[in-house]
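> Listed below, chain by chain, are the residues.
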Amino acid sequence: MAASARLEPGDLDPAAELGRFLEGRGADGAVVSFTGLVRSASKAGEPVERIELDWYPGLTDRSLGEIAEDALRRFGVSDVLVVHRCGTVRAGAPVVFAAAAAPHRRDAFLAADYLMDRLKTDAAFWKREDGPEGGRWIEPTEEDHRSLKRWEST
Amino acid sequence: VDGSERPLTTARVLFFGRTAERLGRAREVAVPSEGCTLGELRARLVEADAAAAEALGAGVRASVDREIVGDEAVVRPGQEVAFFPLFSGG
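For the protein sequence lines, the chains are A and B, in the order given.
Heads up: the first sequence begins at -9 in the working numbering, then just goes up one per residue.
Heads up: the second sequence begins at 734 in the working numbering, then just goes up one per residue.
Source of the hints: derived by calculation from the structure; they are not laboratory data.
Fair warning: this is a prediction, and the values are worked out from it, not measured in the lab.
Take these hints with a grain of salt, some might be off.
[Unchecked claim] Estimated spans, in silico, between C-beta atoms of each pair:
hint : chain 1 : residue 1 : chain 2 : residue 2 : range
1    : A       : Met(-9)   : B       : Ala759    : 37 to 43 angstroms
2    : B       : Gly811    : A       : Ser(-6)   : 55 to 61 angstroms
3    : B       : Gly811    : A       : Pro(-1)   : 23 to 29 angstroms
4    : B       : Ile801    : A       : Gly77     : 48 to 54 angstroms
[As the list claims (entries may be wrong)] To give a feel for the contact side, a few chain B residues facing chain A, derived at Cβ under 8 angstroms:
hint : residue
5    : Gly768
6    : Ser796
7    : Ser821
Yeah, the Cβ is synthetic: ideal placement off N, Cα and C, and Gly gets one too.
With these hints in hand, go ahead and build the complete structure from the sequences.
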């Protein structure tokens, strides 16, 4: 059983990540993976050409590792993987890949869902959306906080 | 250095996110050899730079050697301090 997480400063290839994650899974009956893409518009509808994910080496990677470890502890999963971009990511490009493997599908679905809710609020990034009008620094939304609260009673 | 003054060395101070946009990525800030509190270091930055007053205002958190701490934490020469806004999440 392992939780792994890494920061990816270069391109993120979700298909290659999933391919490696699927290898050698005898005892697992399920793998659920999620790929997050950079949207080409902000919540307010303004065009987004790219995002800038500022990160602090040593602190940001640790936050990703803790989130992956929490998912592994919390659900009946065999392995958890988080790969998160940092730096400049253009609209339409993958920014995060999260996957969970488990003997049974329900645990894998739950773990992947939990990983993304945690990453959207607790990952130690500072995100700026850049468009033709300039840049806007982003904070977690109310919806992100509500999503995270779902896990408090489980 | 003639030895009559207390030796002053520095702590490396980093900024992230919006804070870095205002103050740059890194500064070296003098810290007394016996250390000072994070709050004192913050005050020193604000004193030296008008832009820092706003950039290090409410909601800006800090870490010492990558551990998130409060203003009462002690900073010693050679340590790494960082100031940053709330995490945006991924």
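> If a hint holds in the structure, say so; if it does not, say that too.
Each hint, compared with the structure:
no.	hint	result
1	A:Met(-9) <-> B:Ala759: 37 to 43 angstroms	39 angstroms, holds
2	B:Gly811 <-> A:Ser(-6): 55 to 61 angstroms	32 angstroms, violated
3	B:Gly811 <-> A:Pro(-1): 23 to 29 angstroms	27 angstroms, holds
4	B:Ile801 <-> A:Gly77: 48 to 54 angstroms	23 angstroms, violated
5	Gly768	21 angstroms, violated
6	Ser796	6 angstroms, holds
7	Ser821	4 angstroms, holds
This entry does not satisfy hints 2, 4, 5, going by the numbered hints stated previously.
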